[in-house]
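S.K.: Residue numbers (the working numbering): 1 to 383.
Quick caveat, the hints were computed from the structure, so don't treat them as lab data.
For every residue, glycine included, the Cβ atom is placed at its ideal position computed from N, Cα and C.
The reader is advised that the hints may include incorrect statements.
[Stated by the list, open to error] In silico lysine-lysine, PhoX-like type, Cα no more than 25 Å apart, as pairs: (1) K259 x K282; (2) K7 x K191; (3) K7 x K22; (4) K71 x K191; (5) K191 x K65; (6) K320 x K343; (7) K131 x K88; (8) K154 x K131; (9) K101 x K259.
[As the list claims (entries may be wrong)] Here are the simulated distance ranges between beta carbons: (10) E3 x P28: 20 to 26 Å; (11) W44 x E102: 37 to 43 Å; (12) E47 x M13: 20 to 26 Å; (13) D358 x S180: 52 to 58 Å; (14) N312 x V205: 37 to 43 Å; (15) N17 x Q140: 46 to 52 Å.
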Amino acid sequence: MVEITEKFFARQMLAVNLKKCKALRLLPVKGKRTLKVSSDPMLWKGEQLPMVKSIDDFISYLGVKVSVTGKVIWSVDQLRLWLDRVMKAPLKPDQKIKGIKEVLIGRLTYQLRLSEARVCELRRVTRMVRKACKQILHMQLGAPNAWAHLPLRKCGLGLPDFELTIPLMRRAACEKMKSSPDPVVANISEKIPIYESGLTRGLDVRAAKRAIQDKYEQAYLSTQRGKLMNARWISAVKPYWLHGGTGVVKAGEYVSINKLVTRTIETRQFIHPGVTDFETLKCRRCGKAVETDLHVLNECPFTRLAQCRRHNFIADYLGKVLVDHGWEVWRERLVKKDLENFKPDLICRKGAEGAIIDVTVPYESNEAVLQSKERFKEANMQV
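Can you build the whole structure from these sequences, using the hints too?
M.R.: Right, here's the structure in full:
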């Protein structure tokens, strides 16, 4: 058997590592129609192979446990242990979400793709990961499930739906095996059963991924919270600046903004629908305006600091990119034009070309910034 395996891997330009292999020797039981596992040592090319001690033993390959019958050992209890370890770790909420997306989901996807997990098990895994992320962000469990599966550009968390993605990965792997020049690999691919959802059946991988995203976007926009989230409001809170460890916002602000995106924060306007009394609806933080989602996000001085950080981060990043491309950049320099003074975010020059750039964060309450931006387009300035 080892010789046959070695020849097979040799055709694939691979080699057999005997130290990571395990030998299984079955001997008949005298007087019975059963077999027993023998632990007697087995040699191959002068080296002793590790022996399988029992039928319940397993082989570990790249962190994945494989039984002696060739099936990947997988259980939901293992996922529950992983999630519990992440949730109890001394990390901030954004760090926990990043750990789940970059480490746990990658390892989980690799195991599920190789295992024989059924659709019901994949659906259960999706629910467990989604529930853990909601608890980390201190959200109500009744928050829209479709929001967690939306991509980042749609203000979602970007969590995969294993019920749809795992069968798609298995199908892509089988199609790749069918085009293999090895007839053994091509023959095996035809015998692997693929159970795929009707949403992605018959579509290529790129079209299937797009169909999955459209499904969750339509599902979220059909909810009451999704109907309130129009396209302009979505563009105002694009969360690219929240992810990737940029350190733009604190952990508490990260949780609050995600609640605002899903409209699960209990503002006074949400708690008292139909009430017009200002004393009942005034903001609990500043007390200067009615407590609405947009007030908390843009106008309240307690949350305004996060928007200023976002503005400065975008302006600094844009200036760094221009410097890398050979531009001379001045940050917030005073410019005089007739009787008016302007202080744009960036003044750039490269040879005979020049540009004045003012970064505007959506839903800025200062209308003078927007008006001065329009004047910059028409004013003939010299740098």
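S.K.: Need the list of violated hint numbers for this structure, in ascending order.
M.R.: No numbers; nothing is violated.
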